[in-house]
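Participant: Okay, here's what each chain looks like letter by letter:
2 protein chains.
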Amino acid sequence: MAQYKVPQKELLFVLHDVLGVDRLAELPGLEEATGEIIDGVVDEAAKFVEGEIAPLRESADETGARWEDGEVILPEGMKEAYQRYAESGWVGLASPPEYGGQGLPYVLSKVVEEMLCGANVAFALYPGLTSSCFEAIEAVATDEIKARYLPKLGTGEWSGTMCLTEPQAGSDLAAVKTRATPNDDGSYSLEGMKIFITGGEHQMTDNIIHLVLARLPDAPAGIKGLSTFVVPKFLVNDDGSIGERNKLRCVSIEHKMGIHASSTCTMGFDGAQGWLVGEPNQGIQNMFIMMNLARIMVGFQGLGQCELATQNALAYAGERKQGKTFGGGDTIVDHPDVRRMLLTMRAYTEAGRVMALDTSMHVDIAHRHGDAAEREAAQDYVELMTPLVKAFLTDAAFELGSLAVQVYGGHGFIREHGIEQIIRDSKILALYEGTNGIQAMDLVRRKLQLHGGRLPDRFFERVRTDLDAGGPDWLVAPLREALEAVEATTRTFQDGFREDPNDAAYGCCDFLRAFALVALGHAWLRMVRAADDRGDAGFAEGKQVTAHHFATRLLPHAVTLCRTAALPAGPVMGRSASLLDAA
Amino acid sequence: MAQYKVPQKELLFVLHDVLGVDRLAELPGLEEATGEIIDGVVDEAAKFVEGEIAPLRESADETGARWEDGEVILPEGMKEAYQRYAESGWVGLASPPEYGGQGLPYVLSKVVEEMLCGANVAFALYPGLTSSCFEAIEAVATDEIKARYLPKLGTGEWSGTMCLTEPQAGSDLAAVKTRATPNDDGSYSLEGMKIFITGGEHQMTDNIIHLVLARLPDAPAGIKGLSTFVVPKFLVNDDGSIGERNKLRCVSIEHKMGIHASSTCTMGFDGAQGWLVGEPNQGIQNMFIMMNLARIMVGFQGLGQCELATQNALAYAGERKQGKTFGGGDTIVDHPDVRRMLLTMRAYTEAGRVMALDTSMHVDIAHRHGDAAEREAAQDYVELMTPLVKAFLTDAAFELGSLAVQVYGGHGFIREHGIEQIIRDSKILALYEGTNGIQAMDLVRRKLQLHGGRLPDRFFERVRTDLDAGGPDWLVAPLREALEAVEATTRTFQDGFREDPNDAAYGCCDFLRAFALVALGHAWLRMVRAADDRGDAGFAEGKQVTAHHFATRLLPHAVTLCRTAALPAGPVMGRSASLLDAA
Numbered sequence: 000m001a002q003y004k005v006p007q008k009e010l011l012f013v014l015h016d017v018l019g020v021d022r023l024a025e026l027p028g029l030e031e032a033t034g035e036i037i038d039g040v041v042d043e044a045a046k047f048v049e050g051e052i053a054p055l056r057e058s059a060d061e062t063g064a065r066w067e068d069g070e071v072i073l074p075e076g077m078k079e080a081y082q083r084y085a086e087s088g089w090v091g092l093a094s095p096p097e098y099g100g101q102g103l104p105y106v107l108s109k110v111v112e113e114m115l116c117g118a119n120v121a122f123a124l125y126p127g128l129t130s131s132c133f134e135a136i137e138a139v140a141t142d143e144i145k146a147r148y149l150p151k152l153g154t155g156e157w158s159g160t161m162c163l164t165e166p167q168a169g170s171d172l173a174a175v176k177t178r179a180t181p182n183d184d185g186s187y188s189l190e191g192m193k194i195f196i197t198g199g200e201h202q203m204t205d206n207i208i209h210l211v212l213a214r215l216p217d218a219p220a221g222i223k224g225l226s227t228f229v230v231p232k233f234l235v236n237d238d239g240s241i242g243e244r245n246k247l248r249c250v251s252i253e254h255k256m257g258i259h260a261s262s263t264c265t266m267g268f269d270g271a272q273g274w275l276v277g278e279p280n281q282g283i284q285n286m287f288i289m290m291n292l293a294r295i296m297v298g299f300q301g302l303g304q305c306e307l308a309t310q311n312a313l314a315y316a317g318e319r320k321q322g323k324t325f326g327g328g329d330t331i332v333d334h335p336d337v338r339r340m341l342l343t344m345r346a347y348t349e350a351g352r353v354m355a356l357d358t359s360m361h362v363d364i365a366h367r368h369g370d371a372a373e374r375e376a377a378q379d380y381v382e383l384m385t386p387l388v389k390a391f392l393t394d395a396a397f398e399l400g401s402l403a404v405q406v407y408g409g410h411g412f413i414r415e416h417g418i419e420q421i422i423r424d425s426k427i428l429a430l431y432e433g434t435n436g437i438q439a440m441d442l443v444r445r446k447l448q449l450h451g452g453r454l455p456d457r458f459f460e461r462v463r464t465d466l467d468a469g470g471p472d473w474l475v476a477p478l479r480e481a482l483e484a485v486e487a488t489t490r491t492f493q494d495g496f497r498e499d500p501n502d503a504a505y506g507c508c509d510f511l512r513a514f515a516l517v518a519l520g521h522a523w524l525r526m527v528r529a530a531d532d533r534g535d536a537g538f539a540e541g542k543q544v545t546a547h548h549f550a551t552r553l554l555p556h557a558v559t560l561c562r563t564a565a566l567p568a569g570p571v572m573g574r575s576a577s578l579l580d581a582a
Numbered sequence: 000m001a002q003y004k005v006p007q008k009e010l011l012f013v014l015h016d017v018l019g020v021d022r023l024a025e026l027p028g029l030e031e032a033t034g035e036i037i038d039g040v041v042d043e044a045a046k047f048v049e050g051e052i053a054p055l056r057e058s059a060d061e062t063g064a065r066w067e068d069g070e071v072i073l074p075e076g077m078k079e080a081y082q083r084y085a086e087s088g089w090v091g092l093a094s095p096p097e098y099g100g101q102g103l104p105y106v107l108s109k110v111v112e113e114m115l116c117g118a119n120v121a122f123a124l125y126p127g128l129t130s131s132c133f134e135a136i137e138a139v140a141t142d143e144i145k146a147r148y149l150p151k152l153g154t155g156e157w158s159g160t161m162c163l164t165e166p167q168a169g170s171d172l173a174a175v176k177t178r179a180t181p182n183d184d185g186s187y188s189l190e191g192m193k194i195f196i197t198g199g200e201h202q203m204t205d206n207i208i209h210l211v212l213a214r215l216p217d218a219p220a221g222i223k224g225l226s227t228f229v230v231p232k233f234l235v236n237d238d239g240s241i242g243e244r245n246k247l248r249c250v251s252i253e254h255k256m257g258i259h260a261s262s263t264c265t266m267g268f269d270g271a272q273g274w275l276v277g278e279p280n281q282g283i284q285n286m287f288i289m290m291n292l293a294r295i296m297v298g299f300q301g302l303g304q305c306e307l308a309t310q311n312a313l314a315y316a317g318e319r320k321q322g323k324t325f326g327g328g329d330t331i332v333d334h335p336d337v338r339r340m341l342l343t344m345r346a347y348t349e350a351g352r353v354m355a356l357d358t359s360m361h362v363d364i365a366h367r368h369g370d371a372a373e374r375e376a377a378q379d380y381v382e383l384m385t386p387l388v389k390a391f392l393t394d395a396a397f398e399l400g401s402l403a404v405q406v407y408g409g410h411g412f413i414r415e416h417g418i419e420q421i422i423r424d425s426k427i428l429a430l431y432e433g434t435n436g437i438q439a440m441d442l443v444r445r446k447l448q449l450h451g452g453r454l455p456d457r458f459f460e461r462v463r464t465d466l467d468a469g470g471p472d473w474l475v476a477p478l479r480e481a482l483e484a485v486e487a488t489t490r491t492f493q494d495g496f497r498e499d500p501n502d503a504a505y506g507c508c509d510f511l512r513a514f515a516l517v518a519l520g521h522a523w524l525r526m527v528r529a530a531d532d533r534g535d536a537g538f539a540e541g542k543q544v545t546a547h548h549f550a551t552r553l554l555p556h557a558v559t560l561c562r563t564a565a566l567p568a569g570p571v572m573g574r575s576a577s578l579l580d581a582a
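Each protein sequence line maps, in turn, to chains A and B.
For the first sequence, numbering that gives the first Met the number 0 assigns the number 582 to the last residue and increments by one with no breaks.
For the second sequence, numbering that gives the first Met the number 0 assigns the number 582 to the last residue and increments by one with no breaks.
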């Protein structure tokens, strides 16, 4: 059985020493988020997650969600754990107090998200989607709709979903067919079928609020003809009490590779009553309000799984005896190739945490800072980093799951060790909320181009400033080299995108990885410095060992990736797909 | 549901046009292996595998092997399929005719192995282990033991296993504890517990022959005190008929990530009667006779899964409509990032096939050539390539399984598509028959050093000769660059291994991958040339597109990998493992 222990020391080091999270308390509305409060929340959340959520991970995977005549039965213990989680106030940690939330910083809710996802990523999806649903309604709905749904979503008494995908409309939402027909009372009747709806049906909460993408009768074709509707499982009376069952139904659930405890539902809307949220035909824009934060959230799902893989592999390697090492050590942690795997795991996990939490802290700054220029700069950073956080950390979760199995040897393939589950649970993270290929396209097609290239320029300047401030040469030199390569490729893609978008599109995944390696290198530079300042020699030396491995063995690949990313795609894209037909 | 179609055109292209397999018929004992016979066998095997084996892949995964009171019940259809497979002569395709085999080339048996493993890798393990058991007994047993077991193993009427691993003895067989005590009649009584025994128990064959690693009473401690014993499930009477049940028992089976249809058994030997095979205390050497061929076999398991992933992703991408591409195409094969994934899959699969089949053909030459120098050169090649074939192709199977899921998008995560099964089935391949880290250590510690470095020298010379013969510049230039990097790192590891083995050991996995990329580049050079000579312009152009992608986007990583592999490990290995303790 795998264990999950919240990396509290590491989390507090990143929050306080690396990121200086304490300055958030200077922002309007976050006055209560002092260092002391933050430490207390981390400690409370850690106890809860370790005690109540982590123990369900393997048993819930084994049982899985079951469908029975339109209802979904979740594994034993899930409902009780969810209810205690909601009652303890964790669902609405960063939601406004007027809607039942705690009003604490977004970044702090992501700290808890990481814990929850390390402990049990399938469980984490239920409150995760609820937050996404909350964010979209809060951003665009009328006060009446907000008043009707948000207080219960904010506390987690009700849960939420995002209903976007249809069989013919996955990455391409332009193909959505679900229709919304106006009723006399201002509401709409929804008809259609949605697939892959996470948490579409279950018995954990009294109501489930679906946010549904659908077409109005005279809507234009394609992506500009979609609108957003709030469609509750049970209609909500004017006094807030629960009314009759709405005409929607879970038709089936998917039989999946992993996240077995998460119900992935096919939802049939058969004249279900819904209410327009936001403007007509603005559905995609509305969905992207929550999609961007949802992508950061999925990055944290990846981070949680990275941490789970890393800490278990480390613990196993420190106990497992197998052969003598060259240096005479008798546990496998002293086998060079095992140590290489462990340091790779730590290097990605620890720097990935800095990248993801820094991005999240900038969400707070972008929302709350008193100075518009600061808000803009923070928003630029969030937008640039979102595809990196989502794609890099979810790819890393799958890779680190695989490395953890490799450290365990044949035992890693056996289910009872709970390690192969990391691979199975993580693979979906690279697929949903926009596949990682779509994240890479978002990076090269949108984030590099916005505002005349301001987003990457600001990032490069920030890294260069930190490089100029100094650091160990074994880290500064390769980071500078990688940064220059990424900058040069950025120019190539900025200049060439309109000319032949296939070039950047063919190279975008290589480029995203290179860009992420630079962001991680920057994180390592900051961590090494912060650890030095901390006056804990062992801690600082541990950070240096991992940073050295990263800087010398992993970071140099950024240069090669930039070289391959920037090649013209003509020789492969200029040929007919028929050449690819199997021989 | 995934499909598996044998890539016959490609297989015959590689065998005839690239490798010139027809010259095997000039070797003594292989006179019958003419081109016509080979084509006929490929065609027959393809029909059988597609018709009888592939259809069981997903249903057998779903049901899995079950344990009931010491017996193992396999999924429906497995026994019948196995029996038809054996009756058709496929198990003993390359075994000597005197033991029920067909006496055809080893390389041809590997062609069938690839098919079988593409169709159903869990099924393939049963005849695969039988072949391994056969090979070890044939190599070292007395004529009496050979006569008793080989005829039935050769036809596949009985199956075989390798019983090596124990809970405390996985990668480190020195820790094996199972004991063999002499009986009065020349036999031995075995006592002990073996784990992870593939095919240790099932009802598909009338008898199961276990090859067991155990210690004689006065054996030295460690790796030099192991001997090999043949221990049948049912004792075999002198007339060859089956006698009483031996004292061994399947105590349980494992609940695994994948290969569910393969029974992975814990075997208890409780005074089981066995017979010494080969010399006392030569067990490890005996096991390595079959281990080397078993490692090549596992490489083919990886290759089969690579092909399965590739052909299904290609087919899906050619049908799935999702968004318009920049060039106006409407299936996802025209999305640059999807095409990148597909070409990566083809590049590894097709060149990996050349590497693996070329290695296998050299097994035939090493066994049979009339000229000792030719045999030696062939054996050098086989030994050098074995860790590459095993490690590269099994890592590739997992990677390509993941890429195939990525091409399928969210649908790839759903079990009914049969694609995520590739990831689950493939992960074990990187673990058994020596983890891929152990393969990399075998490469740097043994294969680079043997005979004064003759193995890599001969390989480099061969690649250089082919490079000097010319080819397209976009392939020749990066291959030459990669070759030079691998040669330089080879010298570094040869010179430095004794001084500080940690350096090579820390870099060995990066180095193995770089070395494999050069071997694949060499394969692409040969394929591009052979395709040009074939007079089929579309086929040749298809090969060029894939080769171009490989040479420009994948091969350049070899240079970076060599650079990182050759770094000194002092900064990470010279520190206490306690620095790695989780924060």
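Note that these hints are calculated values from the structure, not bench results.
Please read these numbers as outputs of a predicted model, since none were measured by experiment.
Take the hints with a grain of salt, since some may be wrong.
Copies of one chain are not kept apart here, so a pair can be met inside one copy or by any two copies together.
Said to hold, decoys possible - Below, computed lysine-lysine pairings styled on DSSO-like, alpha-carbon distance capped at 27 Å: (1) K78 - K145; (2) K4 - K323; (3) K8 - K78; (4) K176 - K246; (5) K320 - K176; (6) K4 - K46; (7) K8 - K46; (8) K320 - K246; (9) K145 - K223; (10) K246 - K4; (11) K176 - K4.
Participant: For the identical chains here, do K4 and K323 meet the 27 Å Cα criterion within one copy, between copies, both, or neither?
Facilitator: neither (30 Å within a copy, 46 Å between copies)
Participant: Cα distance capped at 27 Å. Does K8 pair with K46 within a copy, between copies, both, or neither?
Facilitator: within (14 Å within a copy, 60 Å between copies)
Participant: My question is about K320 and K176: at a cut-off of 27 Å on alpha-carbon distance, are they close within one copy, between copies, both, or neither?
Facilitator: between (58 Å within a copy, 15 Å between copies)
Participant: Checking K246 and K4: alpha-carbon separation at most 27 Å within a copy, between copies, both or neither?
Facilitator: Cα proximity of K246 and K4: none, with 43 Å in one copy and 45 Å across.
Participant: At 27 Å max between alpha carbons, let me know whether K8 reaches K78 within a copy, between copies, both or neither.
Facilitator: neither (30 Å within a copy, 55 Å between copies)
Participant: Regarding K320 and K246, is the shortest C-alpha distance of 27 Å or less found within a copy, between copies, in both, or in neither?
Facilitator: neither (59 Å within a copy, 31 Å between copies)
Participant: Cα distance capped at 27 Å. Does K145 pair with K223 within a copy, between copies, both, or neither?
Facilitator: within (25 Å within a copy, 75 Å between copies)
Participant: How would you classify K176 and K4 at a CA-CA limit of 27 Å: within, between, both, or neither?
Facilitator: neither (45 Å within a copy, 35 Å between copies)
Participant: 27 Å Cα cut-off: does K176 pair with K246 within a copy, between copies, both or neither?
Facilitator: This pair counts as within: shortest intra-copy Cα distance 18 Å, inter-copy 65 Å.
Participant: Is it within, between, both or neither when you check K4 against K46 at 27 Å Cα-Cα?
Facilitator: within (9 Å within a copy, 53 Å between copies)
Participant: Using 27 Å as the alpha-carbon threshold, which applies to K78 and K145: within, between, both, or neither?
Facilitator: Result: close within a single copy only, 26 Å intra versus 62 Å inter.
Checked against the numbered hints above, the structure breaks hints 2, 3, 8, 10 and 11 and satisfies the rest.
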